[in-house]
Every structure is written in structure tokens, then in C-alpha cells.
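From first to last, the protein sequence lines are chains G and B. Straight run, no breaks: the first sequence in our numbering ends on number 334. Straight run, no breaks: the second sequence in our numbering ends on number 1334.
Just so you know, the hints here were simulated from the structure itself, not pulled from any lab data. None of the values given here were measured: they were computed from a predicted structure.
Pairs of lysine to aspartate or glutamate residues, derived as EDC-like cross-links and limited to a Cα-Cα distance of at most 20 Å, are as follows:
| hint | chain 1 | residue 1 | chain 2 | residue 2 |
| --- | --- | --- | --- | --- |
| 1 | B | K1108 | B | D1138 |
| 2 | G | K105 | G | D189 |
| 3 | B | K1282 | G | D267 |
| 4 | G | K282 | B | E1266 |
| 5 | B | K1282 | G | D74 |
| 6 | G | K105 | B | D1091 |
| 7 | B | K1105 | G | D91 |
| 8 | G | K108 | G | E119 |
| 9 | G | K105 | B | E1092 |
| 10 | G | K108 | B | D1091 |
| 11 | G | K108 | B | E1046 |
| 12 | B | K1105 | B | D1187 |
| 13 | B | K1282 | G | D258 |
| 14 | G | K206 | G | D161 |
| 15 | B | K1310 | B | E1119 |
| 16 | B | K1282 | G | E266 |
| 17 | B | K1108 | G | E46 |
Each chain, letter by letter, is given below.
2 protein chains.
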Amino acid sequence: MKKKVVTSGDVARRARVSQSAVSRAFTDGASVAPQTRERIIEAAAELGYRPNALARAMISGRSRLIALMAAYLDNQFYPWVIEHLSRRLQDEGYNILLFITDTGKQDKVVQQMMQYQVEGIVMASATLSSTLARQCEDAGIPVVLFNRFVPSSPASSVTSDNVQGGRLIAEFLIQGGHSRIAFIAGDEDASTNRDREAGFYQAFHKHGRTVFARAVGGYTFEGASRAVRELFSRRPAPDALFVANDHMAFAVMDVLRDELNLRVPEDVSVIGYDDVPESAWKGYNLTTVSQSVDGMVDATVSILIDQINKQSVSRRAVVMPAQIIIRGTARIPE
Amino acid sequence: MKKKVVTSGDVARRARVSQSAVSRAFTDGASVAPQTRERIIEAAAELGYRPNALARAMISGRSRLIALMAAYLDNQFYPWVIEHLSRRLQDEGYNILLFITDTGKQDKVVQQMMQYQVEGIVMASATLSSTLARQCEDAGIPVVLFNRFVPSSPASSVTSDNVQGGRLIAEFLIQGGHSRIAFIAGDEDASTNRDREAGFYQAFHKHGRTVFARAVGGYTFEGASRAVRELFSRRPAPDALFVANDHMAFAVMDVLRDELNLRVPEDVSVIGYDDVPESAWKGYNLTTVSQSVDGMVDATVSILIDQINKQSVSRRAVVMPAQIIIRGTARIPE
DNA sequence: TTGAAAGCGCTAACAA
DNA sequence: TTGTTAGCGCTTTCAA
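Whenever a hint applies, use it, and build me the whole structure from the sequences.
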């Protein structure tokens, strides 16, 4: 095996210029005479030269690397986020270092990111300890919690208005004339769940009503299946369900229709949250709340780019509006 | 903003050792006296020292970076692959540089990967030109085409036995007593589609039968919807459909049941390919062929690790067995 | 086991 | 516009 490691020095020799001239030829906006640059580019092409991004990063202090961490990808919301975020960041000239990590190992992984001198960090469906968030702040690395909000954290966050979303759903279900409305929670530690739940309960309170029942699905398919079974093992059973995200709502509908032989929405109304692509599939046709992924991604990118360029990190909390998407799984108020 | 950049030199000074001692303390298997190492680790902790992975990569020639490229993530097969691959690679001490790129820009992106001195490249739902594949070979970078096979390419590949999968489906449908079996193709340029189609047609030929009709869905949701409509606009309509992947099969079932008011499998049998998580959801309960993601991921990781360690890249083509997963969307042969 | 010294490939002053 | 020079933070000989 021949390891041909062509360096700028090799190119310089062949183009009969200095090594720094080669460097300049590959840097936008550097002062190089057009014909010199041309000669260099030509020599580089002949040799198959590719600038070493690591060396460049070291000396310039700019790695052009953004770390992205997600806890899981089975909820289609996250692949969707990753795809959009990745494309947007690539357009801005950044590359993505991806980490899939279970809760618990998250802090350790953040350390790794920092070793790679990333210029920014996005935590999707994940958070980091305040200590570590502070370390990032000290190191001048902007951190964005995507779809999570931690009041005490120095990290920025981008979320949709989950409280408002919860409220919207409560109103919709109440106006729909349901009398036994239940809630299936996601991960009780997640801010998305807490906020959606808070908004939901607030609206009930405002109407002088109470939530009929509550179970916990932990944002997993299996957890949600267990939760519905539990809810429907008691009589009377709910006649409407707010499920804290779409991913769980699919599991819920499966159990409802397939195991319990109930019709949706005739027997039970179901509303989810996220508006993932599958929600629009006719097999589910799920009424849900849309989180503007595009808007959230744009916000994330601009926080990152802005703070990287300004060389100063500060905490920003962006909340995007939530919008109910009416499809076929919940009775529509008149 | 305070940019505290703690270097090994700072730690060395505080621990009263040389800078190279610090380096050794952070390298497994380097010869350092236990108490020296301890003193260094302590000093490092006090200072908040984190080794610079970029500098380490430069000098050692090992970036511990693997590039992963995918064309899209809306087909849940790929998020699934990314999650598994990422976890396995992290366990092996590698980090992932992720690129989401449309066909056409792929070669350019591969150049970028190489600039970051990645030690290996995985192309999922994507290929690269032979020229570039050869460049990677010359640079000693192993490349694995995941779920793609290019006969002329010097790159390795990991696929499931798509020809066999296509055959299995043909047999199942023929044995199921269908008389008008049609095929909805994916991306006609993709090897997965070509192989599945080849196996499918082979089996028909063996039985002295012909495929009733064929349309192209291009592996997209919309393309597949158009393809079914086209197929069912003519009389007689097919009574069975092999759809080249699950992602399209969901679209097909939506059109069949929702627009055309056909029952699956009573009026039309449908079989997909991939066995993505959604296939098991009761709303579809899709009969399909399983590609062993775990097996494919393992093969990919071992090709990569092996060639990185051996410092020699060579072409390997791994084909994993395909297995039919019988669910509820296709009539079951007696 | 430890330290000194020599770079890895590049960018960024500074002069020329 | 160009070349010279000095490092970025680290690993890795080589001697001690």
C-alpha cells in the first residue's frame, strides 16, 4: 500500500512557490496573484493534493465542526431534525460530528466532543449537566438544547411552545364534547412532557374540569402500549386520549384498534404531538400538534453561527409557535 | 469571554513533570510510573485539561474519525442503520462525521471527508465514482458501500441478498395463488432495486410465468403513490404487488385502501422490503423481507476496523441472507 | 521511567 | 503579492 500524503510543501515545490503561497491559494480572500494561484491549483491537481483540515483547524482555531447528539432515532422526529440540521449546517460550511448516546453517558460524550474542538454543540432529545454546560460556556462553545428546556442551565434552547400546544389539545378535546379525557405522559423528566402536560392541565382547570385519568408511556412504543392497556382495563374507560408524542400515539392506536377493538375516533379520540411524517400516513391519519422543524432548525443554526462569529456565548431561549393539525383521529368540535 | 485553553504544557508545569510525561499519562500503555501518572491526572483535573484530539490525530496519523454519508433519512431504514452503526463505532472508539447529501454532490463531499483525515468511509444509500473510490484506496481509506453494490468499484460492499429476497417474494406470491402480480420498482439506478427485481423476474421465469405489470416509484412516497394509481387505472388491475421497499409500500397501501377502496390482502396482496420498524405497526402489518441490520452493521464495522488495523485496504463484498417476514398484507400460501 | 528535541501540515504575522 | 519565520498542541524518537 502506498500512502501518498501530499502536503502543501510538495505542491509548493512543484509550482515553484513558497509553501505559504500554497496555503493562500486554498484560502478564500487571501492575496494571491491570479496566475500564481492558477499555477498552484494546477500543481495541486496533478499531485492530488487535499488540504489537511485537521492541521488547518489547529492553527486557525476553527475546526468547522459542530457536534450533534441524540439519544435515539426511532422516533422519526429526530431523523427529520438531523437531516434538516445537517443540510443547513453543511450549507454554512460546517461539518457534523454525530453522537448517539443513552442518557447517563451524555456528559462523558460531551467531553469527547470538546476534545475534537467543536465550535458548537446541539443536544437533541438530550441535556447535559449544568456543570458541563458551564464548562462549554467557559470554553466559548455555544450549546443549544434542541427540543429541551432546562431553566437552570446556561445552555441555549430551542423548543416549540409546548405549554400552548398542550392547551390547544385540551381545548380541542373539550370542545369536541368528550367527557372522559385521559393523558398518556412521555418521559416525565423531559421538559417537553412537563410543558405539554402543564398546558393541558391548565386548560382543564380554566374550564373547571379535571383530567379523567393519566398513565405514563415514557416516550417508548412499548411503554405507550402498556399505558393504554392500563387505562382501558378500568371502567368506565376514557373517550379521548392526549398522547404526549406521535411516536407513542401510533402504539396507542394499534392497541386501541387491534387489541381492544375500539374505533378511532368514534369510540376514542386520539391526539398526538410532533406531526412526524407518519402522522400524515392514511393508516393513522393522526390529529396532532406540529412543531415547526424548519423554524426550530433555523433558530438553532442562527444561534450557533451568531455566537461562533461573535466569539461570545450567551443564553438564548427560542420558543416557536405550536399549531394543531386536524386530521382524522379526534372528533372535530362543531 | 475567557478562552481558557489548557494545554499539556500547563499541566506539566503544575505537576512538575515534562510535557511528554503528560502525554504519556493520557496514553494507554505508555510507560509512566503510577504515582507520576496520578500526580499528572490530578493536576489535569484541577486545571480542567482536555487533550486536543486534533493535535493528537495530526501527530499520530489516527483521527479516530469515520465518515458516514446518507442521501436521505425519511426512509426509516437509514436512521436505524445510523443509530446502530454509530453505537457500534463509538464502542470501538471511533467518532462519526455525518454527511447528508443529494446524489450529484456526493463526490465533492467525499473530498471533504478525506480532508478531515477520516480513517474509513461508509456510504449508505449512496455510492461514489470509481475514480474517487480509487483515490480512497490510494490514500489507504477503506470504503464500505452499505446496501449498495457496484461491480466495478474498488470499494467494499455490504448488502443483503437482494436477488434471493426478490425470489422469495415471487415464490410467496405465486404460491399464494395470485394471477396478476405486479412490481413497483424503486430507484432504477440503485443496485438494491436491480437485484430485487432480477430475483423476482427470475423466479417468474422459472415458473414459466410473467410479471403482470410494472411501474416505477423511485423509492419515494409520492413516486410510489403515482405508481399504484397508474397500475390500477388499467383493467384488469393487479391482484398482488411487490413494492421494492417498505417506505414505498406504506404509500401504496394508503392509496389502495384510502383512494381505491381496496382491501389488503383480500383484494390485493402487498409485499415490501426492509422490515423497517413501521412494518410491524398494526396500521400496516406489512409482509416484507428482513434485511439483517445488525448483521450488516457488524460486517461493516469489522471490514472497517480490520482494514484500518491492517493498514491495507482491499475489496470485500459481504452478502447477508434475506428472510421473509410473514405478516398480514399478503395472502398466505396453504 | 523520564526529559529534550523534533516535527505532524498548516496559518498568520511580518518583511521584503 | 510573495517568502520567511514562528508556532498550534500534541506524539514519538532518542538519550539519560
